[in-house]
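Heads up: the sequence lines are chains A and B, in that order.
Taking the numbering used here, the leading residue of the first sequence gets 281, the next gets one more, and so forth.
Taking the numbering used here, the leading residue of the second sequence gets 281, the next gets one more, and so forth.
In short, the hints are calculated from the structure, not lab data.
One thing to keep in mind: the hints can contain errors.
Unchecked claim - Label pairs and their computed distance ranges (CB to CB):
1. A:HIS482 - B:ALA322: 43 to 51 Å
2. B:THR387 - A:ARG481: 44 to 52 Å
3. B:GLY689 - A:ARG588: 51 to 59 Å
4. B:ARG542 - A:PRO497: 42 to 50 Å
Glycine included, every Cβ here is placed at the ideal spot set by N, Cα and C.
Number of protein chains: 2
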Amino acid sequence: MSEADLHPLPAEEPLDEDLEELDEENRLKSSFIDKVRDALDAGDTGRVYDLVEPLHPADVADLFELLDGDERGLLASAITDLMTGDVIAELNDYVRDSMVEALPAATVAEIAEQLDTDDAVQLIEDLDTEDQQAILAEMEPEDRAAIESALSYPEETAGRLMQRELVAVPETMTVGDLIDYLREQDEMPTEFWEVFVVDPRHYPVGTCQLSWILRTPRHIALTDVMKRDQTLIPVTMDQEEVALRFQKYGLISAAVVDESGRLVGQLTVDDIVHIIQEEAGEDALLMSGAGDGDINEPIRDAYSARVRWLVANLLTASVSATIISLFGGTIEQLVVLAALAPVVASIGGNAGTQTMAVSVRALAMNQLTRSNTRRIIWREMRVALANGATIAALAGLAVAGIFSFSLGGLLAVQLGLVIAAAMLINIITAGLAGVAVPVALDRMDQDPAVASSVFVTMITDSMGFLVFLGLAVVSGLVG
Amino acid sequence: MSEADLHPLPAEEPLDEDLEELDEENRLKSSFIDKVRDALDAGDTGRVYDLVEPLHPADVADLFELLDGDERGLLASAITDLMTGDVIAELNDYVRDSMVEALPAATVAEIAEQLDTDDAVQLIEDLDTEDQQAILAEMEPEDRAAIESALSYPEETAGRLMQRELVAVPETMTVGDLIDYLREQDEMPTEFWEVFVVDPRHYPVGTCQLSWILRTPRHIALTDVMKRDQTLIPVTMDQEEVALRFQKYGLISAAVVDESGRLVGQLTVDDIVHIIQEEAGEDALLMSGAGDGDINEPIRDAYSARVRWLVANLLTASVSATIISLFGGTIEQLVVLAALAPVVASIGGNAGTQTMAVSVRALAMNQLTRSNTRRIIWREMRVALANGATIAALAGLAVAGIFSFSLGGLLAVQLGLVIAAAMLINIITAGLAGVAVPVALDRMDQDPAVASSVFVTMITDSMGFLVFLGLAVVSGLVG
Numbered sequence: 281m282s283e284a285d286l287h288p289l290p291a292e293e294p295l296d297e298d299l300e301e302l303d304e305e306n307r308l309k310s311s312f313i314d315k316v317r318d319a320l321d322a323g324d325t326g327r328v329y330d331l332v333e334p335l336h337p338a339d340v341a342d343l344f345e346l347l348d349g350d351e352r353g354l355l356a357s358a359i360t361d362l363m364t365g366d367v368i369a370e371l372n373d374y375v376r377d378s379m380v381e382a383l384p385a386a387t388v389a390e391i392a393e394q395l396d397t398d399d400a401v402q403l404i405e406d407l408d409t410e411d412q413q414a415i416l417a418e419m420e421p422e423d424r425a426a427i428e429s430a431l432s433y434p435e436e437t438a439g440r441l442m443q444r445e446l447v448a449v450p451e452t453m454t455v456g457d458l459i460d461y462l463r464e465q466d467e468m469p470t471e472f473w474e475v476f477v478v479d480p481r482h483y484p485v486g487t488c489q490l491s492w493i494l495r496t497p498r499h500i501a502l503t504d505v506m507k508r509d510q511t512l513i514p515v516t517m518d519q520e521e522v523a524l525r526f527q528k529y530g531l532i533s534a535a536v537v538d539e540s541g542r543l544v545g546q547l548t549v550d551d552i553v554h555i556i557q558e559e560a561g562e563d564a565l566l567m568s569g570a571g572d573g574d575i576n577e578p579i580r581d582a583y584s585a586r587v588r589w590l591v592a593n594l595l596t597a598s599v600s601a602t603i604i605s606l607f608g609g610t611i612e613q614l615v616v617l618a619a620l621a622p623v624v625a626s627i628g629g630n631a632g633t634q635t636m637a638v639s640v641r642a643l644a645m646n647q648l649t650r651s652n653t654r655r656i657i658w659r660e661m662r663v664a665l666a667n668g669a670t671i672a673a674l675a676g677l678a679v680a681g682i683f684s685f686s687l688g689g690l691l692a693v694q695l696g697l698v699i700a701a702a703m704l705i706n707i708i709t710a711g712l713a714g715v716a717v718p719v720a721l722d723r724m725d726q727d728p729a730v731a732s733s734v735f736v737t738m739i740t741d742s743m744g745f746l747v748f749l750g751l752a753v754v755s756g757l758v759g
Numbered sequence: 281m282s283e284a285d286l287h288p289l290p291a292e293e294p295l296d297e298d299l300e301e302l303d304e305e306n307r308l309k310s311s312f313i314d315k316v317r318d319a320l321d322a323g324d325t326g327r328v329y330d331l332v333e334p335l336h337p338a339d340v341a342d343l344f345e346l347l348d349g350d351e352r353g354l355l356a357s358a359i360t361d362l363m364t365g366d367v368i369a370e371l372n373d374y375v376r377d378s379m380v381e382a383l384p385a386a387t388v389a390e391i392a393e394q395l396d397t398d399d400a401v402q403l404i405e406d407l408d409t410e411d412q413q414a415i416l417a418e419m420e421p422e423d424r425a426a427i428e429s430a431l432s433y434p435e436e437t438a439g440r441l442m443q444r445e446l447v448a449v450p451e452t453m454t455v456g457d458l459i460d461y462l463r464e465q466d467e468m469p470t471e472f473w474e475v476f477v478v479d480p481r482h483y484p485v486g487t488c489q490l491s492w493i494l495r496t497p498r499h500i501a502l503t504d505v506m507k508r509d510q511t512l513i514p515v516t517m518d519q520e521e522v523a524l525r526f527q528k529y530g531l532i533s534a535a536v537v538d539e540s541g542r543l544v545g546q547l548t549v550d551d552i553v554h555i556i557q558e559e560a561g562e563d564a565l566l567m568s569g570a571g572d573g574d575i576n577e578p579i580r581d582a583y584s585a586r587v588r589w590l591v592a593n594l595l596t597a598s599v600s601a602t603i604i605s606l607f608g609g610t611i612e613q614l615v616v617l618a619a620l621a622p623v624v625a626s627i628g629g630n631a632g633t634q635t636m637a638v639s640v641r642a643l644a645m646n647q648l649t650r651s652n653t654r655r656i657i658w659r660e661m662r663v664a665l666a667n668g669a670t671i672a673a674l675a676g677l678a679v680a681g682i683f684s685f686s687l688g689g690l691l692a693v694q695l696g697l698v699i700a701a702a703m704l705i706n707i708i709t710a711g712l713a714g715v716a717v718p719v720a721l722d723r724m725d726q727d728p729a730v731a732s733s734v735f736v737t738m739i740t741d742s743m744g745f746l747v748f749l750g751l752a753v754v755s756g757l758v759g
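Same shape as in the complex, but just chain A (with noise of 0.2 Å):
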């Protein structure tokens, strides 16, 4: 949407190692912070500019998220002319929001004409629709157009991420043609990594890397040097589908294609590298039940994700509860089993949580299809026979000798062979529930991360109990 503005290039902020604002990590360093904080306090907005300044964009960003969320407002309006577009993409989504509602539309506007289409669609899409209306209202038509049609598709979606600034030409055109073309364009996307070849109802028929180009002397034809075939990402594909497209080809950059198939928008590979991240990361969130995860999250948000989630835990729990108190008789008369049953139940929950996350990572990754489901399972069944074998062994021997002294030689030998058995069982369980349970949420379409872990824990402490507790009244321990 900018005006390339590309012969010659002005120099960038310095992204030089020895910047003393960074840290050996290349984190800003807490005594910068300190400074920047120490201007805000004393309002010499002079100074913040001058400590600002010198930053890279994505340090700008970071400080932003550094600092209380009060300190946030004055220093967006001590920089006001450093908040760049490249600024803007960089910031957290909800430190973004924050400080996009502090602004005025006017101001939100200007930003906005300023970026590529993706990066003024995430700055806006998060607000009310009468704050984004107010923006809008704002803008050129033509950006407005690009920005209101990107909104139109849903969220997480390459219709929503792509930008629709890309380099797309005819199929008659000679390598000379093209370079001679670049040479003239004024508008321009401000990066682009290949050219979309297309036919004239715009649908592509092949891409050029760049150097490609370079190399290959002027009266080629660019159809003798383009790659005919190429991963088209259809508008409505989901983003973690088009992070593991981009994974899995070593993608640079793709055309995006519309319900028709003609060339819609390009998404290139630092978007994604974003959403790589996130999705990879989410995982361990979701299994934990913490929600979006993030430090910057609103506090009410925070408690609302989380405690729905410890709200199910205590239900599930309850269930352990009830299977204990059935066997109040059987504690009363041997209270160690009391002592003894949540060891049993803690075991099954870690091994039943590890084969989880390696199930759970699998699908992720598409590594456990339909073909390998039988094969992985068997195969945890064995680590699973391992490991609990192991853990039985110790955990049995341990038992016979601590209580040898207390419940006497035959009772403690008893007690062990029952904590034994009741950990293998459990172990086993564990392995297969950690398998089976994502796997079985995954066909249903529902993601693995977010549920396995209430079932598994439930199935894994419910277990324990009744398993250890059973055995201590079949084997004959208690009467």
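Starting from the known structure of chain A, arrange chain B on it as the hints suggest.
Relative to the frame of chain A, chain B by itself:
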């Protein structure tokens, strides 16, 4: 290392959406795998070849991973000449190693010579020194030297990952000179996205995106087009740090420099994407103690990684068991305490895991640093207070209600108050431990994802039992 031969480009394998081998999520269909399997069983290598030949290299790699161990060898011998570098580079580490071990050294050397250094290194880095030597002995001296030099850097550093093939040109060139140079060169990287400009001592002075070159008239000096400030990656930088740098600055490629600052290689985003994916996804596996968590990992390795974790948890669980047994007399008086105590411990464990997952992620993303630790702890305390109050109220009311029949009103209310107080205290403890443990481990230069969960669970378990049973005694609920 390959002789580049890009005029005109050969058509690559199709990436078409409608390939009958792939399902709607772009995974190989189960029915296709079965066809390959049947042909392998029947020893019909011609049919195997015909089935596999139309696949994209990334899908051939997937096929190997989806087959059983013994079928992989059969497949490899049936399609020897389809085993290109692209297939090898896409293979899972474990699958690739077992495959390479099964091939003669000369064949491996032949494959390695087609690859860029980084892929060739990946191919042989996990072999025994003896096998490596046998393969290197079969290679051209120049390629061998490049690989040996890469192997001299530690695993998971930029030096090991980088490719030595890059385009570096002197500052004196014009855009026209560069285009002529590129057209004349035969030895070129298979893919490149930026050109590095170096001084006579081979120190990097700037980079040019290829699109800038294509858009600039021939007579303009390169030094007027290039960007002077660039991210330089030291050879010794850890791959996780490299990945963060690529992500933060949206890099497509970056120059790698040796200790003296000379340009020695480049890293490109398609290699880094795998690392970003791995590093972001491994936290869920590390937190659960599942080690590498790769479904292709040999069973022995999976057992050894996981059983260590289970033993550690057995030891920490024995702390809780000891605490419970100290309250043996209390439990004998009111056996329902044995049923309720594990609920308090379990919810505390869940709350602790949530906070821990959030903190580990924020640490990995450089979002939680010394500058905002205090703010984040305070934030998590407030979330914990809200969660704790909610769960305490629910658990207290439920317990008071349920036990009013069996224990009588007064005792039931007292029990409800005890469990509510214990829940609140344990959830707040969990919130504190969930931030403090990962942050402390991080400051001691330990990976917070690896060890946090043992400590956090130990704290929430033992606090849960101690506080609940302790309050039962102190409150006079039992004598």
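Verification of the supplied hints:
{"no.": "1", "hint": "A:HIS482 - B:ALA322: 43 to 51 Å", "result": "holds, 47 Å"}
{"no.": "2", "hint": "B:THR387 - A:ARG481: 44 to 52 Å", "result": "holds, 47 Å"}
{"no.": "3", "hint": "B:GLY689 - A:ARG588: 51 to 59 Å", "result": "violated, 31 Å"}
{"no.": "4", "hint": "B:ARG542 - A:PRO497: 42 to 50 Å", "result": "violated, 33 Å"}
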